[in-house]
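2 protein chains.
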Amino acid sequence: MSTTAIRIQGLTGIPELEPGMNLADVLFKALEAAGFAAQDSDCPAADPLVLVVAQKVVSKAEGSLVRLDEVRPSPLAIAWTSRYERDPRLVEVVLQQARRIVRMERGIIIAETCHGYVCANAGVDASNAPSGSLVLLPQDPDRSAAQLRSDLGKRLSRQMAVIISDTFGRPWRAGLANVALGISGLSPLIDYRGQVDSCGRPLRTSVLAVADELAGAAELVMGKVNRIPAVVIEGYDFVPSEGSGRNLIRPAERDLFR
Amino acid sequence: MSTTAIRIQGLTGIPELEPGMNLADVLFKALEAAGFAAQDSDCPAADPLVLVVAQKVVSKAEGSLVRLDEVRPSPLAIAWTSRYERDPRLVEVVLQQARRIVRMERGIIIAETCHGYVCANAGVDASNAPSGSLVLLPQDPDRSAAQLRSDLGKRLSRQMAVIISDTFGRPWRAGLANVALGISGLSPLIDYRGQVDSCGRPLRTSVLAVADELAGAAELVMGKVNRIPAVVIEGYDFVPSEGSGRNLIRPAERDLFR
Numbered sequence: 001m002s003t004t005a006i007r008i009q010g011l012t013g014i015p016e017l018e019p020g021m022n023l024a025d026v027l028f029k030a031l032e033a034a035g036f037a038a039q040d041s042d043c044p045a046a047d048p049l050v051l052v053v054a055q056k057v058v059s060k061a062e063g064s065l066v067r068l069d070e071v072r073p074s075p076l077a078i079a080w081t082s083r084y085e086r087d088p089r090l091v092e093v094v095l096q097q098a099r100r101i102v103r104m105e106r107g108i109i110i111a112e113t114c115h116g117y118v119c120a121n122a123g124v125d126a127s128n129a130p131s132g133s134l135v136l137l138p139q140d141p142d143r144s145a146a147q148l149r150s151d152l153g154k155r156l157s158r159q160m161a162v163i164i165s166d167t168f169g170r171p172w173r174a175g176l177a178n179v180a181l182g183i184s185g186l187s188p189l190i191d192y193r194g195q196v197d198s199c200g201r202p203l204r205t206s207v208l209a210v211a212d213e214l215a216g217a218a219e220l221v222m223g224k225v226n227r228i229p230a231v232v233i234e235g236y237d238f239v240p241s242e243g244s245g246r247n248l249i250r251p252a253e254r255d256l257f258r
Numbered sequence: 259m260s261t262t263a264i265r266i267q268g269l270t271g272i273p274e275l276e277p278g279m280n281l282a283d284v285l286f287k288a289l290e291a292a293g294f295a296a297q298d299s300d301c302p303a304a305d306p307l308v309l310v311v312a313q314k315v316v317s318k319a320e321g322s323l324v325r326l327d328e329v330r331p332s333p334l335a336i337a338w339t340s341r342y343e344r345d346p347r348l349v350e351v352v353l354q355q356a357r358r359i360v361r362m363e364r365g366i367i368i369a370e371t372c373h374g375y376v377c378a379n380a381g382v383d384a385s386n387a388p389s390g391s392l393v394l395l396p397q398d399p400d401r402s403a404a405q406l407r408s409d410l411g412k413r414l415s416r417q418m419a420v421i422i423s424d425t426f427g428r429p430w431r432a433g434l435a436n437v438a439l440g441i442s443g444l445s446p447l448i449d450y451r452g453q454v455d456s457c458g459r460p461l462r463t464s465v466l467a468v469a470d471e472l473a474g475a476a477e478l479v480m481g482k483v484n485r486i487p488a489v490v491i492e493g494y495d496f497v498p499s500e501g502s503g504r505n506l507i508r509p510a511e512r513d514l515f516r
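Protein chains in written order, with our numbering: chain A, 1 to 258; chain B, 259 to 516.
Among the hints, a few may not be true.
Example chain A residues on the side facing chain B (calculated, C-beta under 7 angstroms, incomplete) [said to hold, decoys possible]: (1) TRP80; (2) ARG173; (3) LEU176; (4) ALA177; (5) GLN195; (6) GLY200; (7) GLU213; (8) VAL239; (9) SER241; (10) ARG246; (11) ARG250.
Because the hints were derived from the structure by calculation, they are not lab data. For every residue, glycine included, the Cβ atom is placed at its ideal position computed from N, Cα and C.
Whole structure, please, built from the sequences with the hints as guidance.
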């Protein structure tokens, strides 16, 4: 690893995504406008880049949405929301998106999604959703990332990796931070095991979740009200790999907190 | 917030820190060598910057170290380590640095430190420590950050914030990531509560832990074997504030996982 400087740039001018729109086309135009598209095939290949895309635009483009007026809340959703000011239809969708309820109290649902992510509301989100709808997580964020990488890789003459990011809460620490849901083209974990410090002792901090750090770094530029749903990271010397967001889910048998 | 591009640069050439060395002097030389010091007082004030410094160099400079040959392991430390290949003296120091043991099984100790951080080994670290010693966390990382900010702020003609970072594991997600232990000069949390999305609905993702995202972004440049213990982040439009790493500790009563 020889990274000594990284540049993180937000892509502006991306329109509101709607089901059926080609997200790769939209992103390519934004990359082109920001100067990331090759102008000339005679140019030497530029440095690799990481493209971080917010989950919400991926879900919208893929039509991963539910219309609230088509949801019939179950008795559980109705009973539970009667104690809190929450929409039973939203809670019903959360229950449908979960494969395990981690906590369901104080009006908050922490759930494990069908993908294995542990997050609030199983990733179901009403904010920035089309009117009357909820946005779900992409069905397969790795596949979404791989598709974008394949589509955009053909048009940009640069090695690239793609991360689909979302904003998750975490135990012990206040506030939310962005993490990598779907990954294509980079190794999400850098493994220092077997390497030694300057005194020859094995390193304690052995496996770094760099894809989550890249997603978090991108969030600093995305913000929440900036309308910057995609960010380019240049200069990070990532380890090329097929990659998968699933590698960032701590296996239950190695998680002391399940 | 008008951040649209961020630059993260590692400071190279920083020597091995030893107790009593003036860390601000060392960092100023590295900042100067990297072109961050003002050359001319007639220059217009440059953009604000965030300086992220690895906890370990702060602890070493402050002498936050324990010599292993001065540690007398307790019966608990001896009994527990007899089941795992671990040094009972290290475990004794971990127990002394903890105010609560969260988990102590499979050879792993997750503890809450006297500061309130929840992490492996209560932050006690043998790697990259002087021979025969262990490195503890700084006594008061916020004070360390404030001291560096005060010392360096006088010499650089730039508004700056300082983050003291460390590498922590986290439940549910694989791999470690850097977080902010001590903070001076920026608000660690950006609160979007009360703000609305483009359709007028309140934002779900309401409070972002930007100081942790800055620390994680810096880790991408620090790495673990690069000998880059300090990183400058330019272009991030942070919210100036006294700031405190303690604001990133989720209060027990609002943590569904305690």
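How the hints compare with the structure:
1. A least Cβ separation of about 15 angstroms between TRP80 (chain A) and chain B goes past the 7 angstroms threshold, and the interface hint is therefore violated.
2. Taking 7 angstroms as the C-beta contact cut-off toward chain B, the hint placing ARG173 (chain A) at the interface holds, the least distance being around 6 angstroms.
3. Interface restraint check: LEU176 (chain A) against chain B, minimum CB-CB distance 6 angstroms, threshold 7 angstroms, status holds.
4. Taking 7 angstroms as the C-beta contact cut-off toward chain B, the hint placing ALA177 (chain A) at the interface holds, the least distance being around 5 angstroms.
5. Interface hint status for GLN195 (chain A): upheld, as the beta-carbon distance to the closest one in chain B is roughly 6 angstroms, under 7 angstroms.
6. Interface hint at GLY200 (chain A): violated, since its Cβ lies 9 angstroms from the closest Cβ of chain B, which is beyond the 7 angstroms cut-off.
7. With a cut of 7 angstroms, the hint placing GLU213 (chain A) at the interface with chain B holds, because the nearest CB-to-CB distance is about 4 angstroms.
8. With a least beta-carbon distance of about 12 angstroms to chain B, the hint placing VAL239 (chain A) at the interface is violated under the 7 angstroms criterion.
9. Interface restraint check for SER241 (chain A): the shortest CB-CB distance to chain B comes to about 14 angstroms, outside 7 angstroms, so the restraint is violated.
10. Violation of the interface hint for ARG246 (chain A) is found here, the shortest Cβ-Cβ separation to chain B being roughly 9 angstroms, above the 7 angstroms cut-off.
11. Below 7 angstroms, beta-carbon pairs count as interface contacts, and ARG250 (chain A) has one with chain B at about 5 angstroms; its hint therefore holds.
Of the numbered hints given earlier, the model fails hints 1, 6, 8, 9, 10; all others are met.
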